[in-house]
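When you get a sec, could you build the whole thing from the sequences and use the hints?
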Amino acid sequence: MNVSLLAGLSSGLHQYHFVDQPKSWSAARLHCRQAFTDLATVDNMADMQRLVAAAGAGYQGKVWIGLIDRSHQWLWSLADRSFYGEKGWDFRRWMSGQPDLRRTHRQLCATVKGGRWYDYPCNKSHTFVCYNGTNTTDLTTISIQRYFFVNDSKSWWDAQAHCRRHHTDLASVRNETENSLIQQVVPSGQRAAIGLHRRTWDRWSDGTSSTFSHWADGHPQAVGPNCVASVIEGVHRGTWTENSCGSQFPFMCHNNKKQLFNIKLTALKPTVDLNQPDVTDAVLNLVISFLRPFNRLDQIIVEEEIVTKTNISVFQIEVGMKERGITRGFKTVWIKKLRENIFHRKDGRGN
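Numbering (the UniProt record's numbering) for the sequence shown: 1 to 351.
Keep in mind that the hints were calculated from the coordinates and are not lab data.
Possibly wrong hints are sitting among the right ones.
[As the list claims (entries may be wrong)] With a Cα cut of at most 25 Å, we get these calculated SDA-like pairs of lysine to any residue:
(1) Lys113 x Arg191
(2) Lys62 x Glu233
(3) Lys113 x Trp74
(4) Lys23 x His197
(5) Lys113 x His197
(6) Lys23 x Asp38
(7) Lys154 x Arg191
(8) Lys62 x Arg33
(9) Lys62 x Gly207
(10) Lys62 x Thr241
(11) Lys62 x Asn256
(12) Lys113 x Gln183
(13) Lys113 x Arg199
(14) Lys124 x Trp157
(15) Lys62 x Gln248
(16) Lys113 x Trp157
(17) Lys113 x Met95
(18) Lys113 x Lys62
[Stated by the list, open to error] FRET-style restraints, in silico, Cβ to Cβ:
(19) Asn256 x Lys113: 43 to 51 Å
(20) Ser143 x Asp100: 26 to 34 Å
(21) Asp217 x Asn44: 19 to 27 Å
(22) Ser188 x Arg237: 46 to 54 Å
(23) Gly207 x Gly85: 47 to 55 Å
(24) Trp94 x Ala46: 13 to 21 Å
(25) Ala27 x Asp100: 54 to 62 Å
(26) Gly56 x His214: 15 to 23 Å
All C-beta atoms in this analysis are idealised placements derived from N, C-alpha and C, irrespective of residue type, glycine included.
Below you can see the structure in the form of structure tokens.
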């Protein structure tokens with residue numbers, strides 16, 4: 001029909017809401033979930049700048065955001081919980097002062113040396129211990145023959161792949177007996193990786209993955225508080241610190257991220273009358289065909305190349321989308337100029 005549409009899904013923005021009521025992290029989260037969506041999620045520096053701005057110029061201090069580190073969530077590579085019995089999953093033998101790595105490392109893993117455990121960045125290469133056997137809770141079947149020391153330094157992930165390919169998995173340690181057996185297969189003085197690992201600061205309160213961070217210098221520490229507040233003051237403005245989750249701070253909530261769909265119309269031939277009924281019907285179908293793949297749109301912006309006074313309406317687009325199975329909530333907005341025709345054409349000079 002000699003008409004084309006330029007359409008694109010823009011990156012949305014979190015809407016932040018500052019609540020100047022000191023609460024614990026958990027109480028702040030409850031408030032945000034009741035009044036908005038959740039405690040604030042921050043995906044990039046632009047979000048961070050807007051969060052700081054939402055606090056306003058008059059506030060100086062800290063505000064809770066939605067990041068939390070569940071430090072107890074160390075996991076075993078061999079993930080079948082039935083293998084561990086009642087207490088085996090939580091067995092630990094950390095060296096005094098361990099784990100001690102700063103939690104700026106996204107992934108932490110464990111090595112064993114002399115029967116004591118040490119944390120290390122998972123991307124660092126170490127020798128390792130594999131386990132070979134059936135997933136059984138019968139601890140009497142465990143013997144030194146089930147453990148294999150591999151004298152080849154690999155990252156934790158590569159060691160895991162090796163053990164799963166040639167044995168069962170990286171070694172799990174369910175009790176003191178198994179810890180002693182592994183100590184026997186690892187050469188004296190060497191540190192070898194086992195199957196224990198964890199991710200740090202990996203989830204926001206709303207369940208989304210955490211990939212962006214903006215820590216203040218010296219933070220986060222290896223151990224300590226697990227809830228994150230953003231500093232809204234001075235030279236550290238916007239940076240993050242970990243704090244006791246019971247501390248009382250004002251907080252920042254957010255609403256769901258908006259997705260905005262922008263549509264522009266261009267006539268490929270100057271003779272096309274964009275206001276003929278058959279053309280407007282075709283344009284309506286074209287608009288809907290562009291939007292059909294997107295099952296969740298918060299707002300559709302139809303820009304000024306499609307302007308309205310009488311014919312194609314917001315209602316038509318919304319009904320047409322719903323007839324085609326796009327039923328989730330959205331709002332259509334016209335960016336319009338008051339002209340006699342629904343459509344206007346740019347001339348060859350771009351005017």
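Quick rundown of the hints versus the structure:
1. Lys113 x Arg191: 5 Å, holds
2. Lys62 x Glu233: 8 Å, holds
3. Lys113 x Trp74: Measuring from Cα to Cα gives roughly 19 Å; hence the hint holds.
4. Lys23 x His197: 32 Å, violated
5. Lys113 x His197: 16 Å, holds
6. Lys23 x Asp38: 14 Å, holds
7. Lys154 x Arg191: 12 Å, holds
8. Lys62 x Arg33: Holds, at roughly 20 Å.
9. Lys62 x Gly207: 23 Å, holds
10. Lys62 x Thr241: At roughly 9 Å apart (the allowed maximum being 25 Å), Thr241 and Lys62 satisfy the hint.
11. Lys62 x Asn256: 23 Å, holds
12. Lys113 x Gln183: 7 Å, holds
13. Lys113 x Arg199: 22 Å, holds
14. Lys124 x Trp157: Holds: Lys124 and Trp157 sit about 10 Å apart, inside 25 Å.
15. Lys62 x Gln248: Given pair Lys62, Gln248 holds - Cα atoms ~10 Å apart, limit 25 Å.
16. Lys113 x Trp157: 20 Å, holds
17. Lys113 x Met95: Between Lys113 and Met95 the Cα gap is close to 9 Å, so the pair holds against 25 Å.
18. Lys113 x Lys62: 41 Å, violated
19. Asn256 x Lys113: 43 to 51 Å: Given about 47 Å between the Cβ atoms, the range holds.
20. Ser143 x Asp100: 26 to 34 Å: 33 Å, holds
21. Asp217 x Asn44: 19 to 27 Å: 20 Å, holds
22. Ser188 x Arg237: 46 to 54 Å: Cβ of Ser188 to Cβ of Arg237: about 52 Å, so the range 46 to 54 Å holds.
23. Gly207 x Gly85: 47 to 55 Å: Between Gly207 and Gly85, where Cβ atoms are some 30 Å apart, the hint is violated.
24. Trp94 x Ala46: 13 to 21 Å: 40 Å, violated
25. Ala27 x Asp100: 54 to 62 Å: 31 Å, violated
26. Gly56 x His214: 15 to 23 Å: 19 Å, holds
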